[in-house]
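First to last, the sequence lines map onto chains A and B.
Residues 1265 to 1376 (the numbering used here) are what the first sequence spells out, left to right.
Residues 82 to 195 (the numbering used here) are what the second sequence spells out, left to right.
Treat the hints as calculated values from the structure; they're not laboratory data.
Glycine included, each C-beta is placed from N, C-alpha and C at the ideal position.
Among these hints, one or two may not hold up.
Pulled a few chain B residues facing chain A out of the computed Cβ check, cut under 8 Å [claimed, not checked]:
id: 1; residue: Phe114
id: 2; residue: Met120
id: 3; residue: Leu124
id: 4; residue: Pro135
id: 5; residue: Asp137
id: 6; residue: Ser168
id: 7; residue: Phe172
id: 8; residue: Glu183
id: 9; residue: Phe186
id: 10; residue: Gly187
As a plain string of letters, each chain reads:
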Amino acid sequence: GEDVEQSLFLSVREGDSSVINCTYTDSSSTYLYWYKQEPGAGLQLLTYIFSNMDMKQDQRLTVLLNKKDKHLSLRIADTQTGDSAIYFCAESIGGATNKLIFGTGTLLAVQP
Amino acid sequence: DAGVIQSPRHEVTEMGQEVTLRCKPISGHNSLFWYRQTMMRGLELLIYFNNNVPIDDSGMPEDRFSAKMPNASFSTLKIQPSEPRDSAVYFCASSRGAQNTEAFFGQGTRLTVV
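The following block holds chain A by itself, in its conformation from the complex (with noise of 0.2 Å):
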């Protein structure tokens, strides 16, 4: 079946590290990603890991992938009070077609 589970809410002080969690259930997933959405919009892509990789590092954002579990994260160095928002993870399911399943999202505050 096609679940993706976050937790709902993750509070830090900016300048600390965050990490958000994610864990999905379909195992024939390629590509996980992460979108950020700020108030009033739509979602963004922040970025994506091909499944074959544990770990991809884009500036600020480290994204670790643990298949064998199904667990992916996302840290996010030196947070920034800009960085609040609702953060999803998302899986590609579906051969050709990039089915995207959704995570709950989690909502990120950052405490200046």
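For this one, chain A is given, so just place chain B on it according to the hints.
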């Protein structure tokens, strides 16, 4: 490119009325997705199209919901009759359709059914 364009941005309607949400995908994208976002259920995939053909509509909640994509540049999501529990933000997204391609989201339509 202007991105994915949805209209209207906000819609308030009375229970029982027909509601039509519209989406213009990014030119050249051949996959289009309709999502619904609520506090209780998060972001749900309702239906997606590839090359204007509905591929998976298993997320459409009821027969009251229908979606069409008459051509590559336009899609509609219709609710008839609408009910208060349909109140949500409805997002349209498009992508190039192959694996590992970014899905670009519209700004969403906030629907309130009273």
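Here is how each hint holds up against the structure:
no., hint, in the structure
1, Phe114, "7 Å, holds"
2, Met120, "10 Å, violated"
3, Leu124, "4 Å, holds"
4, Pro135, "11 Å, violated"
5, Asp137, "6 Å, holds"
6, Ser168, "16 Å, violated"
7, Phe172, "6 Å, holds"
8, Glu183, "5 Å, holds"
9, Phe186, "3 Å, holds"
10, Gly187, "6 Å, holds"
Violated hints for the displayed structure, listed by number in ascending order: 2, 4 and 6.
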